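Undergrad: Residue numbers (this note's numbering), protein chains in the order written: chain A, 137 to 496; chain B, 89 to 213; chain C, 99 to 217.
Quick caveat, the hints were computed from the structure, so don't treat them as lab data. Check before you lean on any hint, since a few could be wrong.
As the list claims (entries may be wrong) - Below, in silico cross-link-like pairs of lysine-lysine (DSS-like), each with a Cα-Cα straight-line distance of 25 angstroms or less: (1) A:270 - B:94; (2) B:194 - A:445; (3) B:112 - A:341; (4) A:445 - B:126; (5) A:159 - B:194; (6) B:203 - A:183; (7) C:200 - A:192; (8) A:192 - A:421; (9) C:208 - A:192; (10) A:314 - A:303; (11) B:112 - A:445; (12) B:199 - A:360; (13) A:183 - B:112; (14) A:445 - B:94.
As the list claims (entries may be wrong) - DEER-style ranges, computed between Cβ atoms: (15) C:201 - A:300: 29 to 39 angstroms; (16) A:171 - B:140: 33 to 43 angstroms; (17) A:296 - C:201: 27 to 37 angstroms; (18) C:194 - A:223: 49 to 59 angstroms; (19) C:107 - A:258: 49 to 59 angstroms; (20) A:418 - C:107: 51 to 61 angstroms; (21) A:307 - B:93: 42 to 52 angstroms; (22) B:140 - C:202: 29 to 39 angstroms; (23) B:91 - A:266: 39 to 49 angstroms.
Here the structure is a predicted model, which means the values were calculated and not measured. We treat Cβ as the ideally placed atom computed from N, Cα and C, and that holds for glycine.
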Amino acid sequence: MAPRTVAPFGPQHPVLPEPIQLKITYEDEKVVNVVPALGYGHRGIEKACEINEYPKNIHLCERICGICSCMHGISYCEVVERLWPMEVPPRAKYLRTIWSEMSRTHSHLLWLGLLADALGFESMFMQFWRIREKVLDLLEMTCGSRVTQSVSVVGGVRRDIDDEQKKICIRTLQEVRKEVEALVNVLATDPTVKARTVGVGVLTKEQAILLGNNGPHLRASGVKEDCRMLGMQAYGELGFEPIVETDGDCYARALVRAREALQAIDLQLEAFSKMPEGEIFVRPKGSPPANEAVYRCEQARGEVFYYAKGNGTRNLERLRVRTPTFANIPSLLVMLPGSELADVPIIVLSIDPCISCTER
Amino acid sequence: MIENLKEISKDTLLQEVQKFADAKARFVTTVCSDLGDKLEVTYYFNYSPGVDMVALRMFVGKDEEVPSISGIYLTAVLSENEMFEQYGLKVKDMAIDFGGLMLLGKDSPVKPMVKDNAAGGKGGE
Amino acid sequence: MPVMLPTVIRNLFGGPATRMYPVQVRDPFEGARGHIEFNDDKCILCGNCARRCPAAAIEINKEKNELVFYPARCIICFVCVEACNKDAVIASNKWRTPYYTKPVEVHVAKGKKEKAKKE
C-alpha cells in the first residue's frame, strides 16, 4: 500500500481570503480524507448583540464580514423591523436594493479575480480588481465608505442619492458592464481555464440538496432556488430570474457568478429608472415588542438566515445569524476525497469561502 | 411570528427529520435559545427547489441528551457542535465531534451564550 | 495575432492604468466619512453623542465641564454628527493619518457658559 501523508491546507494560504485549516490526508497525489479545523476568527458577535441596545447592533453586524458587510447591515434592519412589524417607505426599499446589488457586483468581481489568481492568470486578476475599484468608488460616493457602509437604520436609510450622483452612477455602471463582459468572455473561452476547471469537484443535484448548499454553489448544480424569489425589498417589482447551470463543476460555478455580476448591474440600472420619490426614514415607535421574526436574504455568497427575538426592552433577547459559508463547508468533506492534490485550491475557492462570516 | 411552526419532542425528532429527507428538503439551520430553566431548539428546513420554509421546535432540559441528525443530514454537524459549545446541549453520536473546541479555545469561557454568563464591560475596553 | 493588435496598440499609447500615488492624490468625495472634530463653542454637554456612540468613544464629565474623545476607539460611523442638535460635531471627509500612541482629546465645553451669561 502506498504511504499516506497528512498536509495542512491553511490556515494561511494564498488562495484563502480568511484563515481555515483543512488537514488533508493524501496517497500518491489523490486526496483520501479531509478534517476541518475552524475557530481562527471567532469573536462572539451573537453574545455582544444581546448586551448592546438594538440600534448599536447594526455596526456590530456589519463587521461580521468585510466583503458582504452592506447586506449584513440591511438584513439586521429588516429582521428587527419584522418584530413590530413595520414597513419602510418605498424609496428606502429601492435604495436598499441598489446598494445590495452594488455590493453583490463588487463581491463577485473580487471572487473572479481570486479565481484567476488561483489558476495563475495574474494579469486577469489585476484587471478584475481594477474594474472593481470603480464600483467601490461609487459606494464611497453614495454611502460614505468603501467597506462597512453603515447606511441602513431600523426604519429606513440614512442617506439619499440625488440627481447628480445618480447620473454619475449610471454612467459608471454602463462602463463597468462593458469591461466586465469583455473579461468574462475571455475567462469563459480560454482553453487553459477550461482544462483546470471542467469536471473538477462535481456535485450532482441530489447531493447538493442533501448537503445543504445554497447560493451560486447550489444553482450551479441545476437547482433553481434564490431567496430573491421571495420578493422582499424591491425585487418583486423588478424583473428577476435566477441563473442556473446544470454541470455542477467548478466551471459551472464560475459561470453562474460571472453572469450574476452582469445581472446585478442590469438590476441596478433598472432600479435607478423605476425609483419613486418620497421620504427615506420612518421612526419606529417604542422598543421592539416580545415577538420573534425570521428573515432570509440572498447575499453574494448564498442565503443568509437571520432570527431575532425581542422582549419589550431596548435590548434584543436573541439574535442568530447563519451565514452561507457555514452551510457550504460540509460539501467540501464530500468533494475533496477522490480529487487530485493540485485541484484542492480550486475546489476550496469554488465554494466562495468567507470564514469570518462562518465564525462570527 | 414564525409561519409553519410544528412542535415536537426529542423522541420523535429522527422520524420527522427522515420525512423531510424523503421529501428532498434542504436543511437550513438550527437555532438554540435559553429560556432560563430549559433550552428551546428549532430546526428549519426548506423544500427545494423553491423558497417554502418549515420549522420544528422542541423544548429540552439543560441536562437532557438529544439525538443527532447528522446521520441523515451531514451538514448539521457544524450547527450541532456549535450548540454543544455555546449552550451545553448534549448531542449524541455526531458524525464529526470537535469536543467543544470548534469555535472556542482551551482558555475561552465555558458555555458563553447561557444567560447568567453575561460578559459585561463597556465597548472598547 | 490580429486579435491581439487593438489591445496592444491601446496599451502602448494609453498611458498608465493606475494613479501615481503618492505624487498624485485623489480628492476625497464630498460625502465620504473621514474623521470627526469637535467645536467647543457650541457644545452644551447634553450627552446625546455619548449615549448613541456604538464604540463608547465619547465620555461626558459634567462636574469638570469637559468632553473626552478617544479617536482610537472611533469607528467613524457619524451617528454622533446626526445626533448632535447644536452642530457641535463637525464631519470631515479627510482620512486620518497613522499615529504612534493612542491620543486622548479633552475638550472644555463653552456652549453652556454662554447660555448662562445671556440669562
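Undergrad: Look at each hint and say if it fits the structure.
TA: We went through each hint and held it up to the structure:
no., hint, verdict
1, A:270 - B:94, "48 angstroms, violated"
2, B:194 - A:445, "31 angstroms, violated"
3, B:112 - A:341, "11 angstroms, holds"
4, A:445 - B:126, "16 angstroms, holds"
5, A:159 - B:194, "20 angstroms, holds"
6, B:203 - A:183, "10 angstroms, holds"
7, C:200 - A:192, "24 angstroms, holds"
8, A:192 - A:421, "17 angstroms, holds"
9, C:208 - A:192, "29 angstroms, violated"
10, A:314 - A:303, "17 angstroms, holds"
11, B:112 - A:445, "29 angstroms, violated"
12, B:199 - A:360, "39 angstroms, violated"
13, A:183 - B:112, "34 angstroms, violated"
14, A:445 - B:94, "18 angstroms, holds"
15, C:201 - A:300: 29 to 39 angstroms, "37 angstroms, holds"
16, A:171 - B:140: 33 to 43 angstroms, "35 angstroms, holds"
17, A:296 - C:201: 27 to 37 angstroms, "34 angstroms, holds"
18, C:194 - A:223: 49 to 59 angstroms, "39 angstroms, violated"
19, C:107 - A:258: 49 to 59 angstroms, "22 angstroms, violated"
20, A:418 - C:107: 51 to 61 angstroms, "55 angstroms, holds"
21, A:307 - B:93: 42 to 52 angstroms, "49 angstroms, holds"
22, B:140 - C:202: 29 to 39 angstroms, "55 angstroms, violated"
23, B:91 - A:266: 39 to 49 angstroms, "46 angstroms, holds"
Figure legend: structure checked against the earlier numbered hints; hints not met, in rising order: 1, 2, 9, 11, 12, 13, 18, 19 and 22.
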